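*Asks:* Chain residues, written in single-letter form:
Number of protein chains: 2
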Amino acid sequence: MHFLLDEDKIPTAWYNAVPDMAEPMQPPLHPGTREPVGPADLAPLFPMPLIEQEVTTAPWVDIPGEVIDILRLWRPTPLIRATRLEKALGTPARIYYKDESVSPAGSHKPNTAVPQAFYNKVGGTLRIATETGAGQWGSALAFACAQYDLDCKVYMVRASYKQKPYRRMLMETWGAEVVASPVDDPDHPGSLGGAISDAVRDAVSRDDTHYSLGSVLNHVLLHQTIIGVEAKEQLAMAGETRPDVVIGSCGGGSNLGGIALPYMTDAAVRLLAVEPASCPTLTGGRFEYDFGDVAGMTPLLPMYTLGHDFVPPSIHAGGLRYHGDSPIISALVKSGRMEAVAYPQAKTFEAAILFARTEGKLPAPETGHAIMGAIDEAKAATDAGEERVILFNYSGHGFLDLQAYDDYKYGRLEGA
Amino acid sequence: MHFLLDEDKIPTAWYNAVPDMAEPMQPPLHPGTREPVGPADLAPLFPMPLIEQEVTTAPWVDIPGEVIDILRLWRPTPLIRATRLEKALGTPARIYYKDESVSPAGSHKPNTAVPQAFYNKVGGTLRIATETGAGQWGSALAFACAQYDLDCKVYMVRASYKQKPYRRMLMETWGAEVVASPVDDPDHPGSLGGAISDAVRDAVSRDDTHYSLGSVLNHVLLHQTIIGVEAKEQLAMAGETRPDVVIGSCGGGSNLGGIALPYMTDAAVRLLAVEPASCPTLTGGRFEYDFGDVAGMTPLLPMYTLGHDFVPPSIHAGGLRYHGDSPIISALVKSGRMEAVAYPQAKTFEAAILFARTEGKLPAPETGHAIMGAIDEAKAATDAGEERVILFNYSGHGFLDLQAYDDYKYGRLEGA
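Residue numbers (this note's numbering), protein chains in the order written: chain A, 237 to 652; chain B, 237 to 652.
If we strip away everything but chain A, and leave its shape as in the complex, we get:
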């Protein structure tokens, strides 16, 4: 069952979690001085409106009309009740998912790529540099830059550049220039940290260029809250007062934050992060200041981390292979407002395949984690004999991840 919003119901403001946090957010620290960073420190990387959004305490931030004009290409996204999955599970729970896979790039990532490109465009930026691991973020930014006629340079981790050519081709079709990273060592397989270094170096070395990040930061989660704001209205259309639990997979935390933050002030709603057992930042990491990248070039962020030199195994859910977490998500878990659970990779593929065979759609491996979380919550509802309402974020489709399904089917999965 689909619950659709007309396009004139697209939200006109983003929800800001910062003023509603139980305790004030700790500031990011300069990597050299370890003092709180100021706007001037960030100006070489980001346009001023994004720097302001990073620190604002306004409860809502208006979405510019020029951004809504692009978001409207695929938003509002559908809220769908997974009745066939419910039936297969024999659960009294009602399972809803917000389908972010319908965006041009196939995931939630364009929700922030579009405003980031917009603020750069109006600020006079001609070119944006970024990094991408498996390619989801790079494709979203390439799409967004095409809409505003901005040049886009993507530093893609060399191993992915070689193994996942389809993502490179998608970025190029939208007009981006894609190079393998590290650029200075053609024999090195690369890493996300190294690609961040390449992109930051590019951005600070050119006056016409800014840098762009696809997760972790406050302004990125702010942009993603459009997901949860829409979902609230659609759940009401479905006749539900509130969800009992809201679930998202968690890498850096942006798709989880997007669906969960608009519910954080309602104490009756549980919030649940699902992460891979092989990169268990929230369930196995320490809460402390750490760098966002391997090389230690970024500000220090207060977050759950496995250490910025942690090298996660090469699981297929590339979007969940990050050593840290968004400071907002980290603070919510630390305060007990948000729960976290970790699953081994094989269980998440089992869940994704059950979803594909009942609901039809093929999920991204990252999304398989959220589905596994929803299935376990549905089973808990069955055990309790309760009609619980479960909402999860369907963050992306798996059409460009089919090799992962093949590796699962034929027993070639790496990592746990």
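To be clear, the hints were calculated from the coordinates, so they are not data collected in a lab.
Take these hints with a grain of salt, some might be off.
To be verified - Here are the simulated DSSO-like pairs of lysine-lysine, each with C-alpha atoms no more than 27 Å apart in a straight line:
(1) A:Lys615 with A:Lys583
(2) B:Lys357 with B:Lys245
(3) A:Lys245 with A:Lys357
(4) B:Lys323 with A:Lys357
(5) B:Lys645 with B:Lys468
(6) B:Lys245 with A:Lys468
(7) A:Lys245 with B:Lys323
(8) B:Lys645 with B:Lys398
(9) B:Lys583 with B:Lys645
(10) A:Lys398 with A:Lys357
(11) B:Lys570 with B:Lys468
(12) B:Lys583 with B:Lys615
(13) B:Lys323 with B:Lys570
(14) A:Lys245 with A:Lys468
(15) A:Lys398 with B:Lys323
(16) B:Lys615 with B:Lys645
(17) A:Lys468 with A:Lys615
(18) A:Lys398 with A:Lys645
(19) A:Lys323 with A:Lys583
(20) A:Lys645 with B:Lys323
(21) B:Lys615 with B:Lys468
(22) A:Lys323 with B:Lys245
(23) A:Lys645 with A:Lys615
(24) B:Lys645 with B:Lys323
(25) A:Lys398 with B:Lys645
(26) A:Lys323 with B:Lys357
(27) B:Lys245 with B:Lys468
(28) A:Lys645 with A:Lys323
(29) A:Lys245 with B:Lys245
(30) A:Lys245 with B:Lys468
Said to hold, decoys possible - Far from chain B, some chain A residues (derived; all Cβ distances over 12 Å):
(31) Asp242
(32) Ala258
(33) Thr293
(34) Lys357
(35) Ala378
(36) Leu406
(37) Val465
(38) Asp502
(39) Pro535
(40) Lys570
None of these values were measured; they are calculated from a predicted model.
Here a beta-carbon is modelled for each residue, glycine too, at the ideal position from N, C-alpha and C.
Given the coordinates of chain A, work out where chain B should sit on it, guided by the hints.
*Replies:* Positioned in the frame of chain A, the structure of chain B alone reads:
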């Protein structure tokens, strides 16, 4: 701009073009006797309700509730006005597209795969065999069989099996068994005709198995008319009286028929088929009785054909590489009710990339043909200074066709 139908507005009947044809349809002929085929001839291949739909003259055919229950996983599909494409073209035309890419398999094909699987299920079939070239049809049937717990065996042209592993993986994820065809010669690259032979041989040799075809036949086009029936209602929502022209790419003719047939009785609406210059059945073929397959095992159909032994070049729009056309489409072109145009491959990629950079979505190469047709019609409206209304079928996405875009970008396209 999106025009969305609530799911209780999903059509409850398919439109049948046959009674509205200017002249009675000529019957298919038995390949051996050259006499009109009867139901008994087709019974080893298809369940009786599909055989009845193949020849019915009822103006509308009810869609079973159990079929609607599955179609509702993605239908009604959106009708979208391509305002950003219009702006890029500087045209006074209003361009609308019906987005069939949102189905689980990524194209219009599940519209017929689902009812075909359903009628087989209720008729007691346990297993369906089919062929697939590039893999769109095989994936659609694999998805449909998963919904009704039917076994599915797909004979995939060996060259595609090797070059397009993602499609094979998608079919397997939905539970289908996929083998390379021809099965009896592992060194042969295969052909669609050969794969049809493998699938038909499988179906007739087993009591528990039927055969299924994804285009060309009357009942397939019947099932696809749900596209045009929805589009009519959505265009009315958009405030349009009627389209001036309705456009679809044409291989066997099912996506074109799906959107165009519901408009055929309105003489004010032009109908336009777009085909590849390298396989120009409607613009360069002869209208005559010909076999549906290379081996001459199928009934003879009255259609435009390049000859059943015609071998089209290996263009990327694999779904348009067919030597013939649906008898219904052929009769409409022959009578002058439908127009046809052929484009060289490179022009259709140019159109597809313009679409991706303005409207965001990445089209399948087949769909690029319909987009090119829409762009030329928009330019004609510009030249005439007229606000024409253009409707085309966005038959599928291109996420699994990215190699084609890469070949275009780097000058490696084969065929004209």
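*Asks:* Would you pick out the hints that fail for this structure and give their numbers low to high?
*Replies:* When the structure is compared with the hints, numbers 5, 10, 13, 15, 20, 31, 35, 36 turn out to be violated.
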